[in-house]
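Line by line, the protein sequences give chains U and A.
At position 219 of the first sequence (counting the first as 1) the number is 219 in my numbering, and the numbers step up by one without a gap.
At position 18 of the second sequence (counting the first as 1) the number is 316 in my numbering, and the numbers step up by one without a gap.
Zero decoy hints are in this set.
Using 25 Å as the maximum straight-line C-alpha spacing, the simulated SDA-like pairs for lysine to any residue come out as follows:
{"no.": "1", "chain 1": "A", "residue 1": "457", "chain 2": "A", "residue 2": "692"}
{"no.": "2", "chain 1": "A", "residue 1": "326", "chain 2": "U", "residue 2": "261"}
{"no.": "3", "chain 1": "A", "residue 1": "462", "chain 2": "A", "residue 2": "525"}
{"no.": "4", "chain 1": "U", "residue 1": "45", "chain 2": "A", "residue 2": "324"}
Worth flagging that the hints you see were computed from the coordinates, not collected in a lab.
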Amino acid sequence: MNLTHLERLEAESIHIMRELVAEAENPVMLYSVGKDSAAMLHLAKKAFFPSTPPFPLLHVDTTWKFKDMYALREKAAKEAGMELLIYQNPEAVERGINPFDHGSLHTEMWKTEGLKKALDHYGFDAAFGGARRDEEKSRAKERVFSFRTAKHRWDAKNQRPELWNLYNARKAKGESIRVFPLSNWTELDVWQYIQLEDIEIVPLYFAAERPTVVRDGMLIMVDDDRLPLQQDEAPVQRSIRFRTLGCYPLTGAIESHAATLPEVIQEMLLTTTSERQGRAIDHDSSGSMEKKKQEGYF
Amino acid sequence: MVAKDEKYQTDALIAEDIDAYLEAHQHKSMLRFITCGSVDDGKSTLIGRLLYDTKMIFEDQLDALEADSKKVGTQGQNIDFALLVDGLAAEREQGITIDVSYRFFTTEKRKFIVADTPGHEQYTRNMVTGASTADLAVILIDARQGVLTQTRRHSYLVKLVGIKHVVLAVNKMDLVGYDQGVFDKIIADYHEFATSIGIDSYTAIPISGLAGDNIAQLSDNTPWYSGQSLLEHLENVQLDVALNQDKAFRMAVQWVNRPNLDFRGFSGQIAAGSVKPGDKVRVVPSGKTSTIKRIVTMDGDLEVAVAGQSVTLTLADEIDCSRGDVIAAAESPPEVADQFETTIVWMSDEPLLPGRSVRMKIGTQTVSAHVQQPKYQIDINSMQHLAAKKLELNSIGVAEVATDKPIVFEPYDSNRDMGGFILIDKNTNATIAAGMIHFSLRRSKNVHWQPVDIDRDAHCRLKNQRPLVLWFTGLSGSGKSTIANEVEKRLHFMNRHTFLLDGDNIRHGLNRDLGFTDADRVENIRRIGEIAKLMTDAGLIVLTAFISPFRAERQMARAMLPDGEFIEVFVDTPLQVAESRDVKGLYKKARSGELKNFTGIDSPYEEPVSAEIRIDTTKMSAREAARHIVNQLFGLDEAD
Chain U
1 MNLTHLERLE
11 AESIHIMREL
21 VAEAENPVML
31 YSVGKDSAAM
41 LHLAKKAFFP
51 STPPFPLLHV
61 DTTWKFKDMY
71 ALREKAAKEA
81 GMELLIYQNP
91 EAVERGINPF
101 DHGSLHTEMW
111 KTEGLKKALD
121 HYGFDAAFGG
131 ARRDEEKSRA
141 KERVFSFRTA
151 KHRWDAKNQR
161 PELWNLYNAR
171 KAKGESIRVF
181 PLSNWTELDV
191 WQYIQLEDIE
201 IVPLYFAAER
211 PTVVRDGMLI
221 MVDDDRLPLQ
231 QDEAPVQRSI
241 RFRTLGCYPL
251 TGAIESHAAT
261 LPEVIQEMLL
271 TTTSERQGRA
281 IDHDSSGSME
291 KKKQEGYF
Chain A
299 MVAKDEKYQT
309 DALIAEDIDA
319 YLEAHQHKSM
329 LRFITCGSVD
339 DGKSTLIGRL
349 LYDTKMIFED
359 QLDALEADSK
369 KVGTQGQNID
379 FALLVDGLAA
389 EREQGITIDV
399 SYRFFTTEKR
409 KFIVADTPGH
419 EQYTRNMVTG
429 ASTADLAVIL
439 IDARQGVLTQ
449 TRRHSYLVKL
459 VGIKHVVLAV
469 NKMDLVGYDQ
479 GVFDKIIADY
489 HEFATSIGID
499 SYTAIPISGL
509 AGDNIAQLSD
519 NTPWYSGQSL
529 LEHLENVQLD
539 VALNQDKAFR
549 MAVQWVNRPN
559 LDFRGFSGQI
569 AAGSVKPGDK
579 VRVVPSGKTS
589 TIKRIVTMDG
599 DLEVAVAGQS
609 VTLTLADEID
619 CSRGDVIAAA
629 ESPPEVADQF
639 ETTIVWMSDE
649 PLLPGRSVRM
659 KIGTQTVSAH
669 VQQPKYQIDI
679 NSMQHLAAKK
689 LELNSIGVAE
699 VATDKPIVFE
709 PYDSNRDMGG
719 FILIDKNTNA
729 TIAAGMIHFS
739 LRRSKNVHWQ
749 PVDIDRDAHC
759 RLKNQRPLVL
769 WFTGLSGSGK
779 STIANEVEKR
789 LHFMNRHTFL
799 LDGDNIRHGL
809 NRDLGFTDAD
819 RVENIRRIGE
829 IAKLMTDAGL
839 IVLTAFISPF
849 RAERQMARAM
859 LPDGEFIEVF
869 VDTPLQVAES
879 RDVKGLYKKA
889 RSGELKNFTG
899 IDSPYEEPVS
909 AEIRIDTTKM
919 SAREAARHIV
929 NQLFGLDEAD
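In isolation and in its complexed conformation, chain U is listed as follows:
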């Protein structure tokens, strides 16, 4: 019996999830509501069936996600029967950090700091994340079980060697492990799996008429009235969709008419720009993702 690449990837991800659950004391799954999170959550359901996955979902919220994301977040957690924890960095709440006035501080405070604080707050010693090695160069050498110091730092030069399917989940008190069950999946694999397994994803991945403005060459969707408009600026209805989802004022849409999954995949394959280009985060400086990871960004 020949296993297809998706069957092997699925089996590997399930193996990874079960290893962590067997060896960690207090694991959690980071759930960002994106398509990778959706695939990861689906794999978790499969890994522990007929049990409910024995860990909660954690959404590190920035308060600036798309409304559709918040809606699916509640629904997906409920359907999985899993506890949903929502964490907003209290310091960012207090200082009213937003993407317009605070630039890169927005990501740092809500996401990087927010994640660290959330893990400390709940005392999680291990966290599943949906990152893939094909996303970005510095991710390509990330381990599946990626060890973090008590200060959440990632030391690229001092990673544990990972052999066969043996994962070392041992750590001292205070240290933690980030685990990436989708490490060996590509963007195409994830899309194909979503199609094959009929996994629900945020409708924003599909093209529809949506109100938009153009900012710094990016198409920004006006998701609510918090987006400050210039004097002569008026939102324009355009048929758009998103390749990745984040904070709506920072996430660039593409003009598209791809309204079904095969059409989205088709467009993805024909398109000539890579996935993360829609995110402002990678453009800061060369090697910026690597720097952010060392500081504790997922």
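Here the structure of chain U is known, so what remains is to put chain A in place on it, guided by the hints.
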């Protein structure tokens, strides 16, 4: 210049009939392989070329690549494919890859995962890591250089890790005028060497990563070559996962699935063979047998499951089975043993100390183990066997390993998942070695415990006491022996049967063959632990007074005894206090360099983190300390 030329067009099917394309791509298989070679062999260039030829590069990446090529590239005005592959900022500056990274590309037939591993000698560890999950290895040779020492090294490691498919990619054929003579000469040289280390089959392909010859398509430049292109070969080679399906069934239990009282399933990934409901199985090591009832998945029960799949099995009978057990075909279960001959690849900056207690993870089993002094080390450049007392970072040796309880295994040659293991440091939790089991040692099969009639309990009853080990640890001159002596006197007055082990009666006799290197210190403490254990079996209260500087060895001694019988007494005297006392004048000698490896000076002392009793000798006299210890032992009031 090969940028954005005609060739760089995505599959026409995507645009014309996406459903047909997706259908085709749903049935592809997956191959994991590694590339071995140095920077100079054009390894990164080859991977970059494979990504490029299989349309895995987006236009924005291509633009960035062109810009980078001009700025920091090594190919003049041409695209430097290597820049696509070399990831981290530090490496990019150095111009070399320093770790294992993984790349992905796909064709209609297969998805490929490439482990990119560096070719530098000091990074044996990375290559073994990358190779451990690979079905195939591409060994690169620079056509101008021929078979080099590093080619031999890479081939040896590939063989060691058990990769069955070897591709010898003779690269840079463009720089030797696509000369068949050059190619044939290299193959002849390689053949001789490969046979000598047991690689009996390999596929040689003349290529140019830079120019693209024989990568995706056969090249007109090598009309004399009649084989497949590299990509065709990668698409057609047989996968290990398919071979594993023909073996006897084995699945290591990862997790027991108990959603409610009515369901008890055993979750794991099948390591070999296949399984169906009704199959007779044996749970190893217990040996209990049962029958497979269901193969449970979220998509419904399966009629059959095969090697590579992650499943949940239920059994017809309620038998003990938990994480670490292996469910196997009843008629041909795997072996169980506690002593093995292994090959060890050392991966830590700290050298292997024979005898030190470490964690061993094999399959889903984690046990305590210790590695004996290596039988020999292998020089991976000459394949010679060298004598070795320890193993350093990136060295490979053959050594015996003993575990504290029997484990389920198969020789690595028969099954990688059942015979490959990692070693984990008990203090730092770092992964310090990878190992491969050759076979179990006959003596562990044949040395059985002889049951005795006068057992431990009988000895204790006669002495009317509970045996204990009081393990004193602390710096030289901290007062261990003095306090231990006082404690023994008190116990003696209380009619307890005791024995004090200290440097005088051990170092001068049993351990007089040992010095003060880290390795000898480990062995010293191991022997003392074993002696102390025998004495507790005789019913005695044992006091040991040794510096015992390492946590791992104190932990090993603790693990030899039943819970509650090992009492660690930390004689906590600050270094400056101990040094100022300097009863034996040893600190002075150590400071002057006359005495080497002295704990606290040029050899570390690892303080206990959770000693049962801690004595602060700056606040208590030896007699007060002894009274405090005895009171603690017998739960007496301090005021007594």
